[in-house]
Amino acid sequence: MKTVGKGISKIDGMSIATGKPVYTEDLAMANCLVVKLLRSPHAFARINSIDTTIAEKLEGVECILTYKDVPKQRFSLAGQSYPEPSPYDRLILEEVVRYIGDEVAIIAAVDEKTALKAMSLIKVKYELFDPVLDFEKAIGHASIVHAENDVHCNFDIGMKKDLNIVSSHKVEVGNIDEEIKKCDIVVEETYYTQANAHAMMETYRASSYLDHTGRLVIVSSTQIPFHVRRQLAKALQIPASKIRVIKPRIGGGFGGKQTSAVEIFTAIVTLKTGKPAIIIYDRKETFSCTTSRHAMRLSVRLGADSNGYIRVVDIQGLSDTGAYGEHASTVFSVVGDKTLPLYNKTTAVRFTGNVVYTNKMPAGAFRGYGATQGAYALESTVNLLAEKLAMDPTEIRLMNLIKEGETCLTYNGKLLGSSTLHKCIEKGKELIGWKERYPAQQIDKNRVRAIGMAVTMQGSGIAGIDTASAEIRLNDDGNFTLLIGSTDMGTGSDTILAQMAAEILEIPIENIIVNAADTDISPYDPGSYASSTTYVTGMAVVQAAQDLKRQIIESGAKFLEVSSEEVEFDGETISMIKGEGSVRLEKLAEFLVLGTGKHQLVGNATYGSPVSPPPFIAGFAEVEVDKETGKIDLIDFVAVVDCGTVINPKLARIQVEGGIVQGIGMALYEDVKFGDKGKLLTNTFMQYKIPCRKDIGNVQVAFEESFEKTGPFGAKSIGEVVINTPAPAIAHAVYNAVGVRVTSLPITPEKVFMGMQNRINF
Amino acid sequence: MQIEVIVNLKKIKMEVDANEFLADTLRKYGILSVRKGCDTTCCGLCTVWIDDKPTLSCTTLSFRANGRKITTIEGVHKEANEFAQILVAEGAEQCGFCSPGFIMTVLAMKNELTNPTEETIVHYLTGNLCRCTGYMGQLRAIKTYLGVL
Ligand code: FES
Ligand code: FES
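So the protein lines, in turn, are chains A and B. Its first residue numbered 1, the first sequence is counted upward by one per residue in our numbering. Its first residue numbered 1, the second sequence is counted upward by one per residue in our numbering.
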């Protein structure tokens, strides 16, 4: 292969690295109205009265909107294909506010100062309710977070709103109670995974204006332009054809921008005033008024026979979705989807539980999407089981993990596609020095170094649901335009999709112009999430390129007045296989577009996969723990990855390194915390610590390529799977160092220190 | 109030509020490479040079820059490009939102440190956060750029 598999630099690399104006704020119109939001200071309340008269009189104030001024149509902000499995539990503004930070009024003014001044002049009286803050007490709480009658779901997700249950989930194959009795050993543990903030460097923002035909244009830092268009149409009660959503370069997303936090506010201002508007969340709003990872409690029970075969996997969960249910049921179901298939010597598996509403900032999509929480709980328990069985934790995995071509209880007879997970484990052992260094070494009187490990899987796109289209056009000069609706958020997906097209068309990647994403221009794509872009959009691009190539060959043959079977195309020239005749691609393109050919060639394809082949990772951590203080230093992290064929090793490596470091943040530092009245406490980078350069030790990445038959050039996904192993691997290493099993994230020195004092679990 | 500053070697008169911060002023005057990630001096995205010293413009009051020389990445185009090329070749820029502030700090470090080691490099850049890349690729690029083994 000429282009695929090569470490090609990102096509937008130089311009974004050198600070060119390519992001949402840079592109906003001059003289935009500045949109600010008045937010609830109470976790749960009803607005008894709201008086905007004085504020409205302030010079420079363009409009102030309250719940009285917005359509009464409930919608969801979750970026999911229609019909979304998330409940329609939102209004743009509502009489009831459900968390500290919930929107009360929208203020648009000529500048920020005026908008803030106006905000301070709005008088609101609230009737306070007792908030539901502890998610473990939400079910059956005297307060009901969503008592309104018009909350509804597109299909039954098990909502029992009177009990504060958004959704219920149950997967059970085999008879757990019977099978567990047959086990020689049963281990059980309960884990708490915290909420995390995405902390992408570019905070949430969007601008809007009316175009020359009066249509509403939104420029947004979003992962989901097409979903935003649909959501806005529903919330604003206007036809989707009247809305255009443009995604420029994005300063990071990580799933956060799969929930549309801000677009609706600037959109409604532009609709009401006819003027361009912009909304930019500051860091504090981004921390406290958007979404986070779902915090969960997961209880895992594993049963095994005395040979170490895992027979029963039983996971019970409770997930906190906060005030609104974006991604509530789906994140939760992924916990089971990405854990139960891993160990397939089982005779019974189960995953059950509920997702509950509370009066806190909503949770939403976040890289890993439930698999992260599940991996921590399951893998920690597998490590516990290995210890109880006196087995090497890598051995128990090599014996029990599913292999390529095998099935498992939840796969219903379907077979696992490609996997090199066993090889990943072997390779990881080598790289971390497992033989010599497992489990631990005393460095000096106080310091111990130890290693730990975990494995994980994710998916590649959403099987049977998410469907992407791609178009490739042969331009008049013989170059190509690739039109896609997926949303490169820094990952380099625009580049790797161009690589795929270039490979099929046998052309240099420089000959391809990539255009993404603009709902007026791009073919439909759900957007970049669920690890779908390489795999799903990638397949659409491959097929579109094949379609175009076929047309080029046909047109070339026609030009040469022979049949298609008699010519070949090498990326530059269409030539007769036997004989002299040939035509250069530029010439053919010119003839087709400008000349008498009169038919510009466009290849297109729409692709949705019936399967979601999992990428795999084996992750190994080496930590150093100071026994005197509990301080944990991460020395080394090894990640060995099976993402199928690596389309671009350079970009894939950075994806892995970045994801591992986010996982390290989750494992050791990051913790979204609320005060006892429900106020978010961690609303700056001082309180919410993400890893800096000094916190990460060394990260080593290696690939064990497999070939996934259903993927483009054998590729699977990589975006999410990379975040899952640090928490369980580091927890394992810490246990091996000092014998403290930390069962709630993050693994802080305090928990380790207290654990050493009390020898109890945290 | 009015201030007069030299931005990237050009003298400019700027109208600023007493409580306005330099990052906002520079953006207002079209220097769009300057970005904010936090406004609490935590992230380093807003790094510019004032009189050749890397400074966080998100918390520097604009009037304090009066009469001084401000340099942004637009003003060190050649050096920035040279390093950016290595960075991009490493694949170590992802969303790029942190890049201008990061590159300004790297270039300042190059001027400031003689014979930096991996440790001193990491220390110098600790205040520059990046949420995407995991830092390792950036470090590889810097080591190549500075010829540190
Ligand atoms: S914006 Fe200045 S340090 Fe973050
Ligand atoms: S590349 Fe995205 S924050 Fe650094």
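Take these hints with a grain of salt, some might be off.
Between beta-carbon pairs, the in silico distance windows are [claimed, not checked]: (1) B/ASP52 with A/GLY697: 52 to 58 Å; (2) B/GLU4 with A/ALA702: 15 to 21 Å; (3) B/ASP51 with A/HIS212: 43 to 49 Å; (4) B/THR41 with A/SER306: 57 to 63 Å.
Quick list of in silico lysine-lysine cross-link-like pairs, PhoX-like style, CA-CA up to 20 Å [claimed, not checked]: (5) A/LYS36 with B/LYS28; (6) A/LYS272 with A/LYS234; (7) A/LYS113 with B/LYS10.
Calculated directly from the structure, the hints in this document are not laboratory data. Each residue gets a CB set at the ideal place from its N, CA and C atoms; glycine is no exception.
Now for the hints, and whether the structure bears them out:
1. B/ASP52 with A/GLY697: 52 to 58 Å: violated, 33 Å
2. B/GLU4 with A/ALA702: 15 to 21 Å: violated, 56 Å
3. B/ASP51 with A/HIS212: 43 to 49 Å: At roughly 47 Å between Cβ atoms, A/HIS212 and B/ASP51 fall inside 43 to 49 Å, so the hint holds.
4. B/THR41 with A/SER306: 57 to 63 Å: holds, 58 Å
5. A/LYS36 with B/LYS28: Roughly 19 Å between the alpha carbons, so the hint for A/LYS36 and B/LYS28 holds.
6. A/LYS272 with A/LYS234: holds, 16 Å
7. A/LYS113 with B/LYS10: violated, 29 Å
Checked against the numbered hints above, the structure breaks hints 1, 2, 7 and satisfies the rest.
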